[in-house]
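Undergrad: Fit the two chains together into the complex; they arrive one by one in their own frames, and the hints show the way.
Listed below, chain by chain, are the residues.
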Amino acid sequence: MKNRNGIYPYLLTAPALLFIAIVSLYPTLYSLYLSMTRSKKGVTSFVWFDNFKTILQSSDFMESLRNTLIFSSFYVLLTVVIAFGLALILNRKLRLTGLYMTIIFLPWVLSEITTGVVWRWMFYQDSGILQNLLGPLFNNVAIITRPWGAMGIVIAATVWRSISFAMLLILAGLQTIPKEIHEAASIDGANGWNAFRLVTWPLVLPTTIVTIVFMTIQAVNGVGMILSITEGGPGRATEVLGLQMYRQAMQFYNFGYAAALSVVLLLLNVVLAAFYLRALQRENALAG
Amino acid sequence: MAKQNKFTDLFLHALLIAFCIIVIFPVIYSVLVSLHEPKTAFLSIIPRKWTLENYIRLFVYGQFPRYILNSVVNALGGAIVSAALATLAAYALARFEFRGKQAINAFILGMMMLPALTNIIPIFKLASDLKLLNTYVLMIMVFGAYGIPLSIWIMKGFFESVPRVLEEAAAIDGATPVQAFLYVVLPVTTPGLIANLLINFVYSWNNFFTPLILINKTSMKMATVGLFDFQHVLEGNQDELLAAACVVIMVPAVILFILLRDYFMRGMVEGAVKG
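Chains as they are written, first to last, in the numbering used here: chain A, 10 to 297; chain B, 175 to 449.
Chain B with its partners taken away, still in its complex shape (with noise of 0.2 Å):
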């Protein structure tokens, strides 16, 4: 018996690696590619010569460097946005009782299923009316506002698990309501923190068609989409340099991701099976 189990672990094991390397090959790939002496890019897999001149080149490019600030600006901007926003309103919703909160939770979970595909041309008609075009106040407030359901879920389920006795031991000893918050109940729930921040900074970084539709100024393009004009222009005669500019946005998500897996995945599962 047990020889027959470690026979069929190992060729479970053989299945997962063979999996793993179906799955991770495109990304191992660009990177092989990006690291290539330009024009030998498909000569072979493996570099002949290994030069970091892709790299190097890539930051005179264009205006790859200023995409990559729109990117952290942006991003980041939107991923405070929600956090601070969502974490009021998620502490409301799970500390307070109040009229209306059935139909505050029936609402954010409405708005939810409303896919941004289907919205985002009507917030191109009036951000261009509102002349808000092209500004990192418009990217910002937008991905601040996508991220802000799965926040509020992620932050209520936290905030729902501090135990009341916290603040009221703060407010016997002489805290405000406020006071209590910051300085006790916050502290505690740091790990929803983290896990909303992070979700919600990669998937603006990752962004693609919302920026795409939003900005067509190049100065304030993000790095996802300058990387859809290079791929018209470098396709076929540069696809080193479109490589590192692949892999270059790529890296701060897959570091991310790596360090703090944990928070990402229970924050994603809550997200979707909560509902």
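Isolated chain A (complex conformation) (with noise of 0.2 Å):
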């Protein structure tokens, strides 16, 4: 390419560069390095891979690890399978869909804290309104107080933030789907279930995956809801790998161990990223 343009574009976009470069690529390097340091009494060391060794055996980071798994595999399933059913029902462009989807939408735009401060209210213990709902169906117990229960509420709380934005993906997807193809398919006698089985679903797969991907990013990331209703616990019962990052360096002061983890959900990051980028090429394939 030539530069007939001089250095212009290139001053219209260095500020842009600049600051991502600080915010981004700078802080990454400056992980991968910290991670390979300990400090004790002031004086850091390089410790090369110690930090990792000690993540390994680390019991700790195993149920940090297990954590984030139960959580980003049942957040991501009952995000995807509710966002997939709402964006099919509003597809049909049945009347007041605007309406709906003004509503359906608000969660996205409230911020994880004072969602996270509204759930766990509601699971208060003894007068929470959802707490006294649901009681009774598990002995009265205070669910919030319980592994199994704290984990549910997080992930309830979290999905029920990020329905409307994988619904707003799904039918996106959907909506470039030709209504030609629905008619011919349904002149060709293909009835509801067939019709979707053979012609809506196969179309609407690469926006699906791609809403895949894109939860499944949000929830190895998403820990200021969590820090919000349990702040990891009760005990660590829902402490995701992103908490205990927050914790080692916040409250421990483990900089060099924190960002040893930080280089760990980096890796998981990346090979999402790259899972995301491929199903993103696809779908934009689909699509012409």
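Since the hints were derived computationally from the structure, they do not count as laboratory data.
Keep in mind it's a predicted model, so treat the numbers as computed, not measured.
You may find that some hints are simply not true.
[What the hints assert, rightly or not] Here are the simulated lysine-lysine pairs, BS3-like style, with alpha carbons at most 27 Å apart: (1) Lys180/B - Lys188/A; (2) Lys223/B - Lys213/B; (3) Lys391/B - Lys49/A; (4) Lys62/A - Lys299/B; (5) Lys299/B - Lys50/A; (6) Lys180/B - Lys102/A; (7) Lys49/A - Lys305/B; (8) Lys49/A - Lys299/B; (9) Lys50/A - Lys305/B; (10) Lys102/A - Lys188/A; (11) Lys50/A - Lys391/B; (12) Lys213/B - Lys299/B.
[What the hints assert, rightly or not] Covered stretches of chain A, going by a simulated chain B footprint (3 or more residues, C-beta under 8 Å): (13) 130–141; (14) 202–215; (15) 277–283.
By construction, the Cβ of each residue, glycine as well, lies at the ideal position given by its N, Cα and C atoms.
TA: Set out below in structure tokens:
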């Protein structure tokens, strides 16, 4: 490409690129460096992969990894399934669709902390409205104080918040399917279920995969909600990887260890991002 | 056939309404609680006696007004920085061909894939070393940087849809490239700018985790972090006040969203789908 435009393009893009580099690139590199250090009594020393060895042998890490997996799987599954159903319904363009969408989309413009506070409240021991409603199903035990209860609440709250966005993604995908295809299918005699199975589903699959991967990335990185509802508790029951990283850094000042955890998280994200990009490419190829 | 369709439609409407109720219930509930008299939060869902005193008390409670101010400054500042830098970069990427353009596109995309979560600790250390912790400058820069990639995609899309003839016509009329940009192109892409500012403002306003880590001085805290502190103190004995704080934080974002919904939706889909 010839540089007919002189330095203008570079001048225009430089500030943006600089900011991005400072906030994304540099910290990542610094993280890699930090992860190989340890600080004892103010003295920082280079310890190569010691932190990583500790991580792999740490039962706390395994527990948080397991929590992250449980949280993510249920979260993604529930979110995508419900969002998919919603998208199918809304795709029919019933009356008041605009109103429905405005309401359903509301949670996304709410902060993690406000929704966290409210959800925690609704399960408040003894007087929380959802605690009172669901308590009898569980022998009136305080749901949030039980590991499985806390995990369930946290999953429910995060799903509640994310459904709208997943629905929007899938709806966008559904709407790229031309009406003619559906008409052709019904002319050929395909009934509702078959039309869905053989026509809609294959065409919306790429979008669904994009949504799944995107939500997985959200799940792995979603700490704020969990922090505000259970702070990782009871005990460590809802301590996901991100939360453990936060704890190590801000409560125990183990920056080296925390950085090592963040590198693990980063690797996870890189893998997911690779899936995401491939899924995006497939989706865009289909849309032409 | 027509009857069957009507029945299905009715059923679907019912499903949607039920879902909407589930979605909106926590929000409405917190509003209701905030209107209860103190100590009556859990006695009944609908307040027996309605009162606004919680909101009045809120504004003399702790440093809540200061928290709100901080949130406004940081969110607005961040949004403006994002919009400004991204618009310039997007214009270059949309209009010019130059060596390294592909690399820059790839760079931006790649950086978007790095989650904020894994970067926040190093940013904390860096800010600490530069003595920038607990400052407006830091938060505005960080929020600004967070918003740039998405903003670039949004503005790029808009710029690409503006026909070049407009700029060529302006040039014929004697305008410099800068003038053409400012007075011809930019006005046409205003919807994109609005979407940009909105999404970034709301995102920064709602941001909880980043300010939690980067600000620990009480007077500089943002409303979201302040709420976290309140939760520890108020939960269980002054829930109405806590609810009022929640509502105050929720309201700006909700109002902006309801009024300008289309801008939001378009921007968000653009970001995730276009990648």
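Undergrad: List, from low to high, the hint numbers that the structure doesn't satisfy.
TA: 12, 14
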